[in-house]
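S.K.: Starting from the known structure of chain G, fit chains H and Z onto it as the hints suggest.
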Amino acid sequence: MKEFLREGGVALAALVLLLGAPLVFSSPAFEDFIIRLSALALFATSLNLLIGGSGMISFGHGLFYGFGAYAFALLMQRTTLSLVSALILTLVLAALVALLVGVVCIRLKTIYFAFVTLAIQMLFYSVIISWVRLTGGDQGLQGGIPRRVIADIDINQQSHLYQFCAVLLVAGLFAMRHITASPFGMTLRMIRDNEARAAFLGIPLWRPKLAIFVLAGVFAALGGILASLFVSGAYPEFADWPFSGQAIFAVMLGGIESFLGPLAGSAILLALNDIFTRLTEYHGLVQGVVILLFALGLRRGVLDFLRVLPGRGEVASR
Amino acid sequence: MDLEALVACFASPACVVTQASSGLIVGLLLFLVAAGLTLIFGVLKIVNFAHGTFYMLGAYIAYSVFQATNSYGLAVLAAAAAMAIFGVAFERFLIARVYGGNVLMQLLICYAVVLIFDDLVKLVWGADFHAMGMPEAFQRAPIFIAGGVVPPFYAGLIVLSLCLAALLGLGLGFTRMGKIITAAAYNPQMVAALGINTTALFALVFGLGGGLAGLAGALAAPVRSLSPGMGFSILIESFIITVIGGMGSIAGALLTAIGFGLLRGFGTIGFPLFTDELIYAAMIVVLLIRPSGLFGREIV
Amino acid sequence: MNLEVRHLTKRFGGVAAIDDVSLEFPSGSLSAVIGPNGAGKSTFFNLISGALTPDGGHILVDGEEITGRSQAAIVHRGLGRAFQVAQFFPTMTVRENLMAAVAAHRGQWGSLARRFPPPGAQARAEEIAAMLGLAAVADRVAATLSHGDQKLLDIALALALEPKILLLDEPTAGMGPEERARMIDRVQHVWAEQKLTLIFIEHDMDIVFRIAERVAVLCYGRLLAVGTPDAIRADPAVIAAYLGTEAPTP
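Residue numbers (my numbering), protein chains in the order written: chain G, 1 to 318; chain H, 1 to 300; chain Z, 1 to 250.
Just so you know, these hints were derived from the structure itself, not from any lab.
Among the hints, a few may not be true.
One-sided excerpt, in silico: chain G residues whose CB lies under 8 Å from chain H [to be verified]:
hint	residue
1	ILE51
2	ALA119
3	SER126
4	ILE291
5	LEU296
Note that CB positions come from ideal geometry on N, CA and C, so glycine has one too.
Isolated chain G, as found in the complex:
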């Protein structure tokens, strides 16, 4: 219980800081960064629920991010639902898609699970590209997002979008934290460590695996919704494999063993990308080199590196 309060306090403090920051100094660049970070960090943390938390290595998690973006944007454009209703409906739809995909994929062993999830993502991507009338094809969804008013707050303005994203980021991370710290989260770690032993403890493996797959998909879709709001539409890049690759890098860079690792990794990655794109046209080259330096040099995520190793005199909370 006291961990819950302690972490709740941290979350609240972070939220207050984020919401208060624009009052102290006005920086559209900062707000822009946080908006982009919230989308990526939610996505990366949801991916780590699978990779680090359950040992389920999904290469196709970007499917849900892209789905979230497109579904939300299309709902806003083609229906008269309010923003909040569209958001909730998108999450529900994402859960359904995740359920379907999960039922198909869960029973597969590691590398095949990774492949099929990737294949399904690329299938989704190719549908987006071909179904031009619905999605705008490779140009992305045009037309913007109308009716961005929630309870008299117009998130058409960047500062309001910033606050909206900040709240969802903190709330989303806190919810995911609750999952990993619950008995359910512990069961997932058991499955990650030794699936056979977990089965022999009487746990029907497919249920927790399917459940976390769906939950991870929902949070990824939430990230996609924020991305869609940021770009006022949706782009096929959101569902393309290089984006999943970026998220995987963000997770590894920040640390798969630490809950906030993906957040840290996302922040570092976004900052680095911003610097690279300003310095040179060939930012792919630079990013590739950075990844190599990380993979061959650092080898562990930043937060994992800084973290006190487990084995100290208290229950290692993650």
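M.R.: This is chains H and Z only, laid out in the frame that chain G set:
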């Protein structure tokens, strides 16, 4: 969906020949790439996400060598050799460091290489599309079989690829080196325990895989346009081929690749809009029914 | 809770790994299953615990058939097992391993309701750890434990399920003499305290003859003899099977 046109095509030998030949070159080029991929995975258990880069570099090197020397044969050899060496270097300097580690680290390294070389290619050759053009030797009248049009280059490519496939299959099955490679795919520790230099073996396999992909790139150069992103789509497709055919199975890769090519070849007539989706769906179905692929071994 | 097998048979290809074996393990007994390598002892355990399905015969717990049931169902019925190669959760501490097992046993594995550990799990986990002498290493990450402690953890995880029948597959495998003595002490202590029906596979005859009440000898999948340790020691067929020498300790 234009089923009438498809049926009409099947009824006409000319159409069948034309579509089949173009489908076959798609399939066989894919086979060459997929063969390397499946070998690397079968023996090293590494999923080589950078494989498309070997293909791309093979194409560009062939292009430049051809521009410089006007000899296509030389261009092809240069591309294959260069990519074989590159494959060995890639394995020795990068992959060797992450054996047995987290598969995500391996993935990241491959991804990094893709990023780096996509940009390097842009730097050296420019981001625009390049066309190599058909080498003079093949600039002849098309061959007519049963009324269907088969460009001589296609015929050459088909024959060459099938010969390579046969060589590969026979080589793996009947030469000492081939048997060692096959054994290493089953049980690397045992092979090492038998005193065989697995380090050299792994490098060799990567070199072979790289060389095949580079060769495929060089062979594709006259009939495809070159661009920095060309590696990725061939990567995804060859992955699907290897997964359906079975990781570690050359025969599986060949049959699946040919099937894929023919599906494309005839699909463009019958159902142009969703041939890609069909392939993905096929892969998903195969993986559900027979996870190790049609001809693959159970991955332990 | 007693365990009975009748005419149990399992074939792999043409080979009968277990061939028409009938045995009874009375409630609360401490029995050893011995036999030369390849005799089918681990297969025997796999059949009883549900990891393998028998080709013939019956397995009964307190008279109730459990033949062919899933592992999870057999676990629920009250049968626990520790493995030849200790199976546990390496990245978690000993305490976390046990708390997670206790929570799973209590059906709380899917709970999102409160933080881990659920109430009572820690106390119970510490109880079990103490029972096996693991209290001192409760906060060590399981992967860093000594081999002997890992085997003890494996047994502790089995005990977390509150079994009435416990199968131990070579509990002292790979241990030196001191660890071995410690392990066997613990096993006997747990058996007495929990009033379990305990069956263990062993190669070390000293241990078998020291603590087992009954000994069953398997050879090439068949039951060669069953009886008290002294009776087995003197049995000519058993002596022939082992050629008069002790099976080498692994």
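S.K.: Close enough to count: is the Cβ of G:ALA119 nearer than 8 Å to one in chain H?
M.R.: holds, 5 Å
S.K.: Against chain H, is G:ILE291 within 8 Å by beta-carbon distance?
M.R.: holds, 4 Å
S.K.: Hint G:LEU296 vs chain H: min CB-CB distance below 8 Å?
M.R.: With Cβ-Cβ at 6 Å, under 8 Å, it holds.
S.K.: Is the hint on G:SER126 kept, meaning its closest Cβ partner in chain H is under 8 Å away?
M.R.: Holds. Min distance 5 Å.
S.K.: How about G:ILE51: closest beta carbon in chain H under 8 Å, or not?
M.R.: holds, 7 Å
Of the numbered hints stated above, none is contradicted by the structure.
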